[in-house]
Amino acid sequence: MGRSVVLAGAARCPRCSLPPRWCVCDAIPPVDTRLHTHVLIHRGEQHKPSSTGNLIARAVNGATCHVYQRATRFFMASGFQQDLIGPECELLILHPSGTPLPARRAPANDSPSPHVMLLDGTWRQAGEMLRTVEHMGHCVSLPEPAAAPGRFWLRDQPEPTHLSTAEALIGVFRALGDATAARRLQLHFELHVYATLLSRGRREMAERYLGYSPLLAELPEFLDQLNARRPS
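Quick note on numbering that gives the first Met the number 0: the sequence shown kicks off at 0 and runs consecutively.
Where hints are given, some of them may not hold.
[What the hints assert, rightly or not] 25 Å max Cα-Cα, derived SDA-like pairs, lysine to any residue:
id, residue 1, residue 2
1, 47, 151
2, 47, 18
3, 47, 69
4, 47, 64
5, 47, 124
6, 47, 204
7, 47, 126
8, 47, 174
9, 47, 199
10, 47, 178
11, 47, 143
12, 47, 11
Treat the hints as calculated values from the structure; they're not laboratory data.
The structure displayed is predicted, hence computed values, not measured ones.
Take the sequences, apply the hints, and build the full model.
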């Protein structure tokens, strides 16, 4: 079995949440997009290193995370405040129960850019969060259900075609005609998964993951650096 630096309790990078040995923060430029991206992240998901909601906040320029917490004896309620967006702005709330998002071109430079909200948590948590925000905007889903299995190999999904939060945003970019942002975020996402597998000591699984990834063609030098033998 490969050595897992996660089990060893190693320090983590404050940005990518990976141990410094596997840090990927400077590997890929951030994603530029005119879409205003909001991640409503459940308090139970907030500090998980594998969270792709946190990945979005790090990798997408202008993206913001809002921590969701329902009121309990110990915590005050928190979440997304509707006054964060203007009354003339459109808020799209992504959830599988929503109306399919119509494919369209990226907004023109002189037109208002839509706001999209992604719900980051378990399926049950996402449903709970949706009930608190659905009155603020339009609930939408991706135009077509995923036909291929998702690429989030860090967790077991209820169904093979269920997508992580980052993969869902990639689908939104594609639906809105922002292919450049979709490709860039795909690289960030796959590098996050690959490096996390390595940090867990799952090298064989990481190599299988890499075999189907655009990272091989796009980031060969960084992958060599990531896999270089550490100094003794």
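List in ascending order the numbers of the hints, as given earlier, that are violated by the structure. 8, 10 and 11
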